[in-house]
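Starting from the given sequences, assemble the full structure and let the hints guide the process.
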Amino acid sequence: MRPIIRILLRAGINYKQFAKITREVFVDVASEDFGISGRKTNISRVAILTGISRSEVTKIRKKQEECGEIEIPQTVNNAGRLLSGWHVDKEFLDQNGKPLILTVDGDEPNFTSLMNKYGGDIPATAMLKELKQVSAIAINDSGEIKVLQRYFMPMNYDENRIFSLIDDFVDLGNTAHHNFTRDIDGESRFQVKVTNDYVSLAALPEFKVMVEEKCTALLEDFDDWLAEREIDPSTAIAEKQQIKLGLGMYFIQENK
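Just so we're aligned, residue 0 is where the sequence shown starts under numbering that gives the first Met the number 0, counting upward by one.
One or more hints might be untrue.
What the hints assert, rightly or not - When the alpha-carbon atoms are kept at most 27 Å apart in a straight line, the in silico DSSO-like pairs for lysine-lysine are as follows:
no.: 1; residue 1: Lys145; residue 2: Lys128
no.: 2; residue 1: Lys39; residue 2: Lys19
no.: 3; residue 1: Lys62; residue 2: Lys19
no.: 4; residue 1: Lys89; residue 2: Lys116
no.: 5; residue 1: Lys128; residue 2: Lys89
no.: 6; residue 1: Lys58; residue 2: Lys15
no.: 7; residue 1: Lys213; residue 2: Lys192
no.: 8; residue 1: Lys131; residue 2: Lys61
no.: 9; residue 1: Lys128; residue 2: Lys15
no.: 10; residue 1: Lys131; residue 2: Lys116
no.: 11; residue 1: Lys39; residue 2: Lys243
no.: 12; residue 1: Lys255; residue 2: Lys207
no.: 13; residue 1: Lys39; residue 2: Lys213
no.: 14; residue 1: Lys145; residue 2: Lys89
no.: 15; residue 1: Lys89; residue 2: Lys131
no.: 16; residue 1: Lys19; residue 2: Lys58
no.: 17; residue 1: Lys116; residue 2: Lys97
no.: 18; residue 1: Lys15; residue 2: Lys62
no.: 19; residue 1: Lys116; residue 2: Lys19
no.: 20; residue 1: Lys15; residue 2: Lys97
no.: 21; residue 1: Lys255; residue 2: Lys192
no.: 22; residue 1: Lys15; residue 2: Lys116
Unchecked claim - Label pairs and their in silico Cβ distance ranges:
no.: 23; residue 1: Phe179; residue 2: Lys97; range: 48 to 58 Å
no.: 24; residue 1: Ile183; residue 2: Lys131; range: 53 to 63 Å
no.: 25; residue 1: Gln252; residue 2: Ile4; range: 17 to 27 Å
no.: 26; residue 1: Glu129; residue 2: Glu186; range: 14 to 24 Å
no.: 27; residue 1: Lys131; residue 2: Phe162; range: 24 to 34 Å
no.: 28; residue 1: Glu65; residue 2: Ile183; range: 18 to 28 Å
no.: 29; residue 1: Asp220; residue 2: Ser54; range: 48 to 58 Å
Treat the hints as calculated values from the structure; they're not laboratory data.
Cβ atoms here follow ideal geometry from the backbone N, Cα and C, with glycine treated the same way.
Structure, rendered in C-alpha cells:
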C-alpha cells in the first residue's frame, strides 16, 4: 500500500477522501459482482460483505444510481478549505470582493482567525510553510500574507499522469484478479516478472539500457500487431465486437 499512499499524498488526496472513495467502490463492487443468480446483491448482503452499515449502503447506492458513477471529488483538505474560504468568505474579502492581505495575528480578520475557521487543528506555522512551499501564498518582509491560488495544488502534480497511473493499476489489478479467481483448469492471463534481491548496484545502468532497448522493441511489435487488427470504433460499439487487448511492462527497482 505504501507506493499507492505516496502517490495519493503527492496528488493532494488525504485519508478522508481516500476512505470516502474506497467506501463507495466497496459498495459498488459488492453490489455488482457478488449477487446470486446474476441478480444485483441486496443491501443486507452488501453490508455483510463490506462491513458498512445498511443505512450507509443504501445512501451510497442511491447516490450512485442518481449520479451514474462513483464521484471522484476534487482535492479538498485543510489547506484547500482554507484557500477556498479566503476567496469566498466575506469576512476575508475587501470591498471589491478580493481576498484580503492578512497578517498572522493582530487586528482581525487575520490568518489566525482564518485558520480557526477553516484550517482544522493544523498549527498556523505548519500551514503557512506548506502553502508557501507550493506557491499558494507570498509573505513580504513585513509579514503580510497574500494569497496567490484559490486551490491547493501539490508540487509536481500532473492530472494526466495521475490518471495514467490509475489506468496502469487497473489493468494490472484486473489481470491479477482474473488469475486469482479463475478455475483450476481455466485460462490464465500472462503475468510474470523476474527479480533478484542481490544485484550489484554497478549493474543498474546496464540493466536500464537493456530493458529500454529490448522491451521497447517488443512493445513496438505488439503495438503494430494490435493496430493491424483494430476495427472501426463505431462499428465495434454498435455490434459489440470490440475487446481491449494489450501488454504492460514495468521496471522494478528497490534500494535496500
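Hint check results:
1. The hinted pair formed by Lys145 and Lys128 meets the criterion: a straight-line CA distance of about 14 Å does not exceed 27 Å.
2. A hinted pair counts as satisfied when its Cα atoms are at most 27 Å apart, and Lys39 with Lys19 qualifies at roughly 22 Å.
3. Between Lys62 and Lys19 the CA atoms are separated by roughly 13 Å; this keeps the pair inside 27 Å, and the hint holds.
4. For the hint pairing Lys89 with Lys116, the CA-to-CA distance comes to about 13 Å; that is within 27 Å, so the pair holds.
5. Straight-line distance between C-alpha atoms of Lys128 and Lys89 comes to about 25 Å, which keeps the hinted pair within the 27 Å bound.
6. With a C-alpha separation of about 18 Å, the suggested pairing of Lys58 with Lys15 holds against the 27 Å cut-off.
7. With a CA separation close to 15 Å, the supplied pair Lys213 and Lys192 stays within the 27 Å bound.
8. Distance hint between Lys131 and Lys61 is unfulfilled; the C-alpha atoms sit about 41 Å from each other, more than 27 Å.
9. Restraint check for Lys128 and Lys15: the C-alpha separation of about 22 Å stays at or below 27 Å, so the hint holds.
10. Proposed proximity of Lys131 and Lys116 is supported: the alpha carbons are some 20 Å apart, at most 27 Å.
11. At roughly 25 Å between alpha-carbon atoms, Lys39 and Lys243 fall within 27 Å of each other, so this suggested pair holds.
12. Distance restraint check for Lys255 and Lys207: the Cα-Cα separation of roughly 18 Å lies within the 27 Å cut-off, and the hinted pair is therefore satisfied.
13. A C-alpha spacing of about 46 Å is found between Lys39 and Lys213, which places the hinted pair above 27 Å, so the restraint is violated.
14. Of the supplied pair hints, the one linking Lys145 and Lys89 holds, its CA atoms being roughly 16 Å apart against a limit of 27 Å.
15. Between Lys89 and Lys131, the direct Cα distance comes to roughly 23 Å. Compliance with the 27 Å bound is thereby established for this hinted pair.
16. Only pairs whose Cα atoms come within 27 Å are accepted, and Lys19 paired with Lys58 is accepted, the gap being roughly 13 Å.
17. Taking the CA atoms of Lys116 and Lys97, the gap is about 18 Å. The hint holds against a cut of 27 Å.
18. For a cut-off of 27 Å, the pair hint linking Lys15 to Lys62 stands: about 18 Å separates their Cα positions.
19. Among the hinted pairs, Lys116 with Lys19 is consistent with the structure: their alpha-carbon atoms are about 23 Å apart, no more than 27 Å.
20. This hinted pair does not check out: Lys15 and Lys97 have alpha carbons roughly 30 Å apart, beyond 27 Å.
21. For a cut-off of 27 Å, the pair hint linking Lys255 to Lys192 stands: about 19 Å separates their Cα positions.
22. For the given pair, Lys15 sits about 19 Å from Lys116 by alpha-carbon distance, which is consistent with the 27 Å threshold.
23. Against the hinted window of 48 to 58 Å, the Cβ-Cβ separation of Phe179 and Lys97 comes to about 56 Å, which satisfies the hint.
24. About 58 Å separates the C-beta atoms of Ile183 and Lys131, a value consistent with the hinted range of 53 to 63 Å.
25. At about 19 Å, the beta-carbon gap between Gln252 and Ile4 stays in the expected band of 17 to 27 Å.
26. Evaluation of the 14 to 24 Å hint for Glu129 and Glu186 yields a failure: the beta carbon distance comes to about 50 Å.
27. One distance hint, 24 to 34 Å for the beta-carbon pair Lys131 and Phe162, holds here, with the actual separation near 28 Å.
28. Distance hint for Glu65 and Ile183: a CB-CB separation of about 42 Å, inconsistent with the stated range 18 to 28 Å.
29. A beta carbon spacing of about 54 Å between Asp220 and Ser54 agrees with the range 48 to 58 Å that was offered as a hint.
The structure fails hints 8, 13, 20, 26 and 28 (numbered hints given earlier, in ascending order).
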